[in-house]
Amino acid sequence: MSNLWRLREYLRPYAGRMAAMLVLAVFASLAALATPRMIQAVIDGPVTRADDDGLWWLAAAILALGVAEAFLVWLRRYIQATVALGVEADMRRDIYAHVQKLHAGFHDRFQTGQLLSRATGDLGRIRRFAAWGMIFLVINVFTYVAVIAQLLQIYWPLGLVVAASAVPLFFLSRSFARGYIRASRAEQDQAGEVANTAEETAQGIRVVKAFGRSRHVIERFEGEAAKLRDISVGKVRMLSKSWSMFDAIPNLVLAAVLIGGSIAVAAGAMTIGELVAFVTLQLMLVWPIEALGWIIANGNEAMTAADRIFDVLDTEPAIVDRPGATDLDRADAKGHLRFEGVRFGYEGTGKEILTGLDLDVRPGETLAIAGVTGCGKTTLLSLAPRLYDVTEGRVTIDGRDVRDLTLSSLRRNVATAFEDPTLFSMSVRENLTLGREDATEADIEEALQVAQAEFVYDLPWGLDTRIGEQGLSLSGGQRQRLALARAVIVKPAVLILDDPLSALDVHTEELVERALASVLKGTTALVAVHRPSTVALADRVALLQDGTIVAVGTHSELLESTPAYRAVLSAEADTVGAAA
Amino acid sequence: MTVQTPPKPEVKESHAWRGIADTEEAERTSAEQDDASSIKALRARGRKLLGSLIRPYRKVLLWTVVLLLIQNAAGMAGPLLVKLGIDAGIPPIVENENYATLIAVGAAFLAAIAVEYLTKRGFLSLSGKVGQQILLDLRRRVFTHFQKLSIAFHERFTSGRVVARLTSDMDAIRELADGGVNDLVLSALSIVTISVILLVLDPMLALVALLSFPVMLWLSNWFRVNSARVYRRTRETIALVIVYFVESMGGVRAVQAYRREPRNQRIFDDLNEDNRAENVAGHRLSATFAGGVKGIGNLTTALVLAYGAYRVLHHQTDVGVLAAFVLYLRRFFDPMQELSMFYNTLQSANAALDKLAGVLAEEPDVPEPAEPKPLPAARGELRFDRVRFWYHKDKVVLPTFDLHIPAGQTVALVGATGAGKTTIAKLVSRFYDPSEGVVSLDGVSLKDIAEPELRRAVAMVTQENFLFAGTIGENIAFGRPDATREQIEEAARAIGAHEFITGLPEGYDTDVRKRGGRLSAGQRQLVAFARAFLADPRVLILDEATSSLDIPSERLVQRALRTILADRTAIVIAHRLSTVEIADRVLVLDGGQVVEDGPPSALIDGGGRYAKLHEQWQDSLV
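Protein chains in written order, with the working numbering: chain A, 1 to 580; chain B, 1 to 622.
Simulated from the structure, these hints should not be mistaken for lab results.
Keep in mind that this is a model prediction, so the values were computed, not measured.
Incorrect hints may appear among the rest.
Here are the simulated lysine to any residue pairs, SDA-like style, with alpha carbons at most 25 angstroms apart [unchecked claim]:
#  : chain 1 : residue 1 : chain 2 : residue 2
1  : B       : K393      : A       : V506
2  : A       : K235      : B       : P56
3  : A       : K241      : B       : D171
4  : A       : K241      : B       : W17
5  : A       : K241      : B       : K59
6  : B       : K148      : B       : Y432
7  : B       : K148      : A       : E199
8  : B       : K129      : A       : G192
9  : B       : K612      : A       : V506
10 : A       : K227      : B       : D550
11 : A       : K521      : B       : D619
12 : A       : K101      : B       : I267
13 : A       : K235      : B       : F342
14 : A       : K101      : B       : T101
15 : A       : K351      : B       : S187
16 : A       : K235      : B       : S187
17 : A       : K241      : B       : W63
18 : A       : K227      : B       : D171
19 : A       : K101      : B       : K612
20 : A       : K227      : B       : R140
21 : A       : K241      : B       : I134
22 : A       : K235      : B       : R58
23 : B       : K129      : A       : D247
24 : B       : K395      : A       : P460
25 : A       : K101      : B       : S286
26 : A       : K491      : A       : Y388
27 : B       : K148      : B       : P452
28 : B       : K148      : A       : E222
29 : A       : K227      : B       : R55
30 : B       : K148      : A       : G192
31 : B       : K129      : A       : S175
32 : A       : K101      : B       : Q265
33 : B       : K373      : B       : P452
34 : A       : K491      : B       : W17
35 : A       : K235      : B       : P335
36 : B       : K148      : B       : E368
37 : B       : K393      : A       : D458
38 : A       : K101      : B       : D269
39 : B       : K129      : A       : I231
40 : B       : K129      : A       : Q188
Kindly produce the complete structure, drawing on both the sequences and the hints.
Here it is as structure tokens:
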């Protein structure tokens with residue numbers, strides 16, 4: 001509830017418009033409510049008296065009321081569009097801004113789909129509540145009171161009957177709305193399962209085909225789809241029960257009113273015009289009462305949605321500028337990178353990956369990190385640009401703790417080429433200049449040359465070609481070279497490369513190495529390596545084992561002195577046929 | 001690479017960052033084309049598909065129609081009974097306290113309500129059930145068809161589109177089935193019925209009421225045309241918002257490491273704003289439509305009332321008729337509004353159906369043999385006989401290729417990217433059929449071998465090692481579902497994967513999609529090896545299968561391979577020559593042709609291309 005109340009900050013800019021909507025809605029219902037009484041006046045007046053007198057005036061008044069109602073409805077909905085969608089767009093903007101700032105540890109925990117459902121589905125629920133639920137909660141209660149008051153005034157015994165009919169209708173509608181939402185959720189969840197199965201089989205189609213397991217996956221898919229059908233049929237059954245009830249109750253009341261009303265008319269307690277007005281008015285009640293159940297359900301949903309959204313918005317970014325953080329000017333940065341007694345473990349795993357690690361990368365030096373898969377190389381690399389913060393110890397650049405620098409200046413000085421080369425569905429140019437918007441054509445050309453990624457000029461639209469998921473698909477090697485170019489183009493003081501050449505063939509690897517050497521000459525670099533060939537880039541190598549650096553030296557020194565290093569990086573020892 | 005530059009499509013200035021692509025082109029199946037005759041053919045296919053889906057349920061659907069008609073009739077009785085009550089029920093009471101007519105009317109009313117309740121309930125549940133069943137049939141049919149289509153199709157169509165067909169397109173149809181159709185039919189039916197009733201009650205008055213018809217039609221049409229356009233634009237803009245959101249979050253490490261946040265926010269705000277603007281336009285359109293319908297309805301009511309009252313007082317009609325008119329008019333205009341609203345649902349369902357029909361029209365280009373020939377006793381002899389292959393006719397990948405691999409031989413393919421190595425692997429595993437010529441296994445053309453038998457005979461391990469949801473054990477047993485736990489463990493042990501698997505939280509029962517079960521690329525590759533090994537094929541294909549392994553693991557795998565490949569036919573493709581060295585024979589490929597052929601040691605001594613490659617590799621090791 002409290003989270004729902006917090007939404008007011010988003011509604012505030014639209015307060016005036018919301019008030020206007022309310023007023024318009026009230027006037028529209030008043031106009032609608034007045035019409036049946038006018039009809040009554042027509043029947044009891046000119047029709048009963050059998051003279052034209054006043055008929056035209058009444059008709060004109062009904063016409064005016066009708067037109068006014070239509071206009072008011074239009075105006076309210078016209079305004080409603082800006083309010084509802086405004087609130088939605090504003091909140092979506094804030095969610096995006098906030099999650100972008102949240103640290104990598106948060107994103108490890110929260111899957112993208114979870115975040116997306118908050119920025120779409122949950123926001124939709126709030127939008128419906130803000131634009132529809134809240135307004136109609138007020139209007140429907142108002143309409144109900146106004147109609148019942150009139151009915152009581154026309155003929156109170158029947159008025160009471162109608163008033164009482166609201167009770168079962170309301171409860172029916174509420175329980176239906178609840179059940180319906182629950183069933184819809186179940187249906188959505190199962191639809192998600194069906195989608196998952198479809199997605200998995202589509203992605204693994206080669207494996208499915210290679211092992212001839214089509215029948216197996218078809219059976220699995222059918223099982224999920226049949227489950228979905230069962231859930232949907234259950235929902236339909238509930239729907240059919242409630243909807244037919246929704247029609248039956250007002251009709252029963254209508255029958256009662258007709259019988260009772262006719263008797264009352266015959267007894268002279270009511271005029272025919274009043275009976276017609278009564279019936280018309282009574283029909284106007286059906287929707288407001290039915291809708292009340294939906295509004296309550298919608299309110300509940302909005303509440304949950306608000307909880308889910310504020311859950312994210314209330315998460316404080318763990319990695320932010322410290323108070324008093326200073327800039328590290330790129331021009332002054334020498335790129336002396338040191339790890340001092342660094343300990344680190346991922347949130348919530350309770351397992352330390354780095355256990356007191358010391359490492360000194362001298363300005364301009366290229367240092368390779370070697371170690372078996374899963375020993376923590378990537379983790380170590382992600383500490384320098386503060387994607388994660390150390391649990392203990394510190395990382396320094398030019399003697400200053402990275403946590404004392406502003407994030408933006410730190411990341412201006414440290415550029416990373418990730419092992420998994422993330423490309424976005426954008427133009428090649430946009431992907432390349434991710435870290436340096438103002439890069440010139442010459443900068444781009446130079447970086448592409450270093451990474452041996454000039455193939456992009458041959459793409460259908462050159463640098464303007466869209467790549468990534470939604471665009472042209474590139475091979476693993478091509479993607480990796482672009483990721484490398486992306487890091488190089490920043491011209492950072494410290495370059496971090498996570499196994500940057502793993503997907504390249506021997507020939508290309510050699511070309512990239514040669515070109516990269518010139519860049520590395522003036523830049524401090526930390527490179528995670530898997531292959532002896534990549535080690536050639538480095539001045540020195542450090543061996544990471546059991547969370548700490550166990551040996552540092554040149555490749556040949558380590559090969560000689562450290563058996564563990566030989567095991568990890570020497571292709572010589574017992575490779576099949578190396579000498580053949 | 002194609003040099004020919006396609007025309008540059010128009011790109012909105014603020015969307016320049018997106019770059020240019022022709023996704024619309026790729027999004028299509030071959031049945032979906034722009035020219036009028038293709039569109040017409042596709043429509044016809046869509047209708048035919050619908051017909052074939054409905055056919056099995058003809059009888060049930062007939063019943064639903066009957067129920068619907070009864071329900072409609074019962075529902076329409078209400079205002080008519082009000083009229084009867086007023087005109088015929090009241091006078092006898094006033095005259096001689098005769099309640100009989102009124103009681104009869106009341107009883108009829110109750111009966112009508114009961115009938116309406118029952119038929120409505122019956123109709124809704126019956127039609128809902130049939131709708132869901134049809135949907136299931138459609139899902140099943142499309143999914144099965146996707147399974148039949150070749151890898152070539154899947155590579156072109158991509159998994160994202162397969163998923164879209166099976167989810168969002170299905171949803172569009174489901175939405176229609178979810179009550180859309182019912183309301184649509186019922187609305188149309190009640191409009192017609194009411195028109196008839198009004199005409200019977202009082203033709204003159206009815207004509208006045210029906211005057212609203214053309215105006216309403218015009219308004220609905222205006223709304224339909226405009227909303228279809230706005231609706232499409234909202235779908236497009238929200239899709240951009242979602243893609244951008246998902247990619248930013250998926251690549252959040254790159255975003256943060258490159259200080260991309262401010263620019264991302266600008267672009268996202270822009271997209272969000274576009275979506276809002278389109279949404280607002282859509283809502284306003286509905287506002288105008290809703291207001292318009294209300295206005296026309298109210299206007300008509302006023303006219304009917306004025307003219308009706310005039311007629312009553314000139315004794316041309318009864319008060320009860322007037323009351324009935326007023327009540328009917330309310331029921332007349334509400335469905336009109338609904339009809340137009342559902343038009344969008346109908347349109348998107350229609351479009352979705354066409355798309356699915358396009359998928360179903362796609363012919364599997366690697367078809368199952370009609371009369372499969374049995375494979376002789378397992379040997380594993382492979383033969384390429386004058387094989388030619390191309391993806392596009394103007395770019396031949398394999399120009400007349402002949403090759404004989406005796407049973408049990410391990411052959412390594414070496415050559416630059418695009419030399420045709422992977423193509424050969426794909427032909428042997430029959431992901432593709434040769435454009436010309438024959439690939440045969442133990443003397444039988446692959447095209448004549450029944451699918452299950454072929455898959456048992458040939459297994460492939462590739463760079464991409466997809467694991468399915470489920471446990472590691474299940475994944476290893478994927479190619480041989482009846483394998484015991486002992487056999488699974490044995491396979492893992494042989495390949496050197498046993499150790500890391502037992503180190504996982506739940507060993508072989510660890511779910512690969514759950515926390516703690518996420519495997520590194522190297523570990524996934526080991527699982528894939530174990531999977532292929534357990535399948536025990538007579539021909540094993542390794543396509544860059546060791547690229548993600550670190551050196552200690554690679555060493556283990558190589559040791560294992562020596563035993564596994566000893567008496568098995570194998571084709572090995574690798575950039576890393578360490579893997580190639582286990583082969584009995586090396587083929588150096590260039591432009592789809594064998595340029596060197598021989599045992600590795602002989603080639604190294606021969607001083608050709610392989611010798612040079614080998615030298616380079618030796619240098620890189622030190």
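key: Violated hints, by number in ascending order, as checked against the structure   = 1, 4, 10, 14, 15, 19 and 25
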